[in-house]
Amino acid sequence: MGAIYVLWLRELKRYFRSRVQIIASLGQPLLYLLALGYGLSPVFRRGGEGNYLQFVAPGVIAMTVLFSSLFSGIQLIWDRQFGFLKETLVAPVPRLHIMIGRTCGAASTAMIQGLLVAVVAFAAGFRPAGWAGIPLAFAFLALVAVVFTAVGTTVGSTLRDMQGFQMVMNFLVMPIFFLSGALYPLEHIPVLLTALTRIDPLTYGVDGLRGALIARGHFSALVDLTVMGTLAVVLTWVGAWRFSRIEI
Amino acid sequence: MIVVQNLTRKFGEFVAVHDISFAVEPGEIFAFLGPNGAGKTTTIKILTTLLPPTSGQVRIDGLDPTRQSTEVRKRIGIVFQDPSLDQNLSAWENLDLHGALYHVPRKIRRQRMQSLLELFGLWERRDELVKQYSGGMMRRLEIARGLLHTPRILFLDEPTLGLDPQSRNQLWTHVKQLNRDEGVTVFLTTHYMDEADRVAGRIAIIDHGRIVSLGTSAELKSSTGSATLEEAFLALTGTEIRDESAGATDQMRRAARAWRGR
Ligand SMILES: Nc1ncnc2c1ncn2[C@@H]1O[C@H](COP(=O)(O)OP(=O)(O)OP(=O)(O)O)[C@@H](O)[C@H]1O
Ligand SMILES: [Mg+2]
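Protein chains in written order, with numbering that gives the first Met the number 0: chain A, 0 to 247; chain B, 0 to 261.
These aren't lab readings, by the way, just hints derived from the structure by calculation.
Heads up, a few of these hints could be off.
To be verified - Straight-line Cα separation of at most 27 Å, DSS-like style, residue types lysine-lysine; simulated pairs:
{"#": "1", "chain 1": "B", "residue 1": "73", "chain 2": "B", "residue 2": "106"}
{"#": "2", "chain 1": "B", "residue 1": "130", "chain 2": "A", "residue 2": "12"}
{"#": "3", "chain 1": "B", "residue 1": "106", "chain 2": "A", "residue 2": "12"}
{"#": "4", "chain 1": "B", "residue 1": "175", "chain 2": "B", "residue 2": "73"}
{"#": "5", "chain 1": "B", "residue 1": "175", "chain 2": "B", "residue 2": "220"}
Bound conformation, chain B alone (with noise of 0.2 Å):
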């Protein structure tokens, strides 16, 4: 379903991703780990057509997203790491919006935003304006539209990124429920080693770029000899904090250097 063969992106000379390669199969879970600023983000980005790459190639459900980008992004769903709403829209004109661009049809539309307004406990508030939700109910709304076009492949950027323990589990209960009953792939990534564990069939850790290991749970568990997925990932990738950690800031000055560099 997601072939990527010696893929590479740089900002600059910057290296962000470096030279992987990997394979998520047609109704697989595939979780995406590793420690801030490894590149996660940034492969999901070439992955959904957002970002070219420098080099190598991807090929999802045997499209070229670079070339082939609107056929790509009629079989995938996002939920972004960052915010994508508009503020000042309601819940339900953000889902209505996202279903007129994904040309759900009307009453199909209708209907798939209630069931998940009411899945994810926002059918009650669906009128207001989404500068007035917290946190945690953006983030549902976010989740509840990259899952209103039924994508056969989705693909989740710390979805559960400020979700308290409910709606936590009411998302992976979901997306399990989605990926047995529908087929639906999934390549998530998170920070929460325990989600992992519970939904993944694979988990690639990738850290400074490179995937540095590739298997089932157990099996990473095993070659490292370690008890739990979150000790098998500091064997992986150490304990040091990143210096990447990147915010906007960061990403600013990095670009700012390489172009200085040039």
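This is chain A alone, in the form it adopts within the complex (with noise of 0.2 Å):
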């Protein structure tokens, strides 16, 4: 247990000494929310849906905590590559719990990332329907977290270097963000995109996210809760089976 805590408390220290990462990510979220938000809002006004910022607010803070978990496989990398990985490894502690404190640790940071967004967001107009469903909004902030985290692991596991990390990224990360509903409402879409739809995991997230903070959920909570439940526990398995299987 206490590995897991200690290692948990390195990603969050070093997370809170890279100030300048911390700026520099939160750029691209910001650009979505303001010009998309500000930009299609009376696009989407005319349209009858009400307010664009409001609508993509949830969408943005989920993107958000989307890069942010995946970027742990990054950092697996690079702690391999930087040897840090081989002291932790041969540490008397089973491999799970350094598993599980990377994984917290990493799932806490992009929580952390993701309430910023969702701050500034605050800041620019955006208002929760109610605050009865912050906290569950908070659980569907850390699923997505802990989701995305695994599938860092599981691919930061596999691979030893930092091109073919980010070759399977680019390949994974816009497509599950474009495909999840985060911009644009699930009804009314070509059948095709449906289905890409249903099959994105982003997409549960979101709408439980936009269900809880904008009571405007086009799945309902109990069906969004139970897909990203399933899948933090599938793939947090699998992320754990390959990180397992690391060898140094």
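Once you've looked at the hints, go ahead and assemble the two chains, each given alone in its own frame, into the complex.
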């Protein structure tokens, strides 16, 4: 247990020390939030869909968490290249604990990053429908963070070098984001797109978040929770398995 | 303390460690010498649970590193050949993290951290991030870290790489003292023959993955009719430079070749 805590703490310390990186990784979400939020608002409103900023904010928060938790994979590759991973793998601690500690750390920092964007969204005019949904929103943020940290860990454990990781990520990240319904409502879209959104894990995270924050979910919260919860367990298990196979 | 029987490790087709056998007694200081790419680090990785053997048997304090890895890990300390610090933590934090991973109680941890940092001349700069350290300081910190949890067996893979004479002297004095006072078993590699000569009880010489000679420094010298250990080493391993000198790229290329050859 101690190992999980200290590895979690390590990730947090490193996170808070990398101010430049924190600011830099806020750039993209802010662009989506402000440019799209304000830019598409008139069209969205004319379509009778309400305020686009309200709609897109949960999507952009989820996106932030997505990017930042997948980043855990890069962190893993770095730790391998800089050798620190060896130090943890040779300690008298089950590998599963090491993996869980790293995952908790990465998921926590991803959530903090998401919260930062939420604060900016609030400043930009985003208002949750009610405060009662906030705990549920947290739960969905956490699930998104855990699911994609697990994906990052899986890819980061399997590939040794940065180029490979980047390549895989290019094939993963953008599709996951654009097919998740983060930017558009899931109603009235073409059949093919509907099918694609249904197999995108982030869809359920974004939908759950949106349901909790602005009471505008496509699926019920229970469906979203079940899908994300199951994925969190399964993918963490896969990540742990890949992590256990790392050879130094 | 360490028993190795017919140990072989292959990377694809390439045999890095070829059927080696030896035993290290409790309380012994054992040096493992060999040219670049001889298989020293690979052997250490197997002994320290980081790499499974391809075949053969290994026992550390009677335990199997593959199947009883956690138990083995409790007993050993390692100073790796390559850096393994967290550059974005301070020296103090690196040590503290290590102590926590090895379940060293907090109070004892603090005391030991202070005395080790003082011993290796890092106490004043303990709160600086490691990335601001010089190469030698990082090396000293790695050594201090390896000693923090008072291991019963200490693996030192070229610990003095990049260290100044003062630090080297300090290190070996301390290692000998640990060995004498606390009976710590030491398994070390180095390319400095004088160090091996000074601290090691017995020396194994490995070349191309095979042990070519094993004995005390005096035995190695007399069996080759050499005046110094360095001469004996060259007599046993030849004077040619090894093409195995393995960088990461080398290893990758070799792995790729092995892969395609399948
Ligand atoms: N993961 C790996 N994949 C492929 N080949 C490897 C791997 N690790 C080591 N080797 C090869 O095994 C051989 C032995 O390497 P090892 O690191 O054990 O040498 P060493 O004796 O420690 O040398 P040095 O004195 O340079 O540290 C080298 O030829 C190296 O290229
Ligand atoms: Mg080596």
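We went through each hint and held it up to the structure:
Restraint check: the Cα-Cα separation between residue 73(B) and residue 106(B) comes to about 19 Å, which is no more than 27 Å; the hinted pair holds. For the hint linking residue 130(B) to residue 12(A), the alpha-carbon distance of about 15 Å falls within 27 Å, and the restraint holds. Proximity of residue 106(B) to residue 12(A) is assessed by CA-CA distance (about 22 Å); at most 27 Å being required, the pair is judged to hold. As the CA atoms of residue 175(B) and residue 73(B) are separated by approximately 21 Å, the hinted pair is consistent with the 27 Å bound.
Distance check on the hinted pair: residue 175(B) and residue 220(B) sit about 22 Å apart at the alpha-carbon level, within 27 Å; holds.
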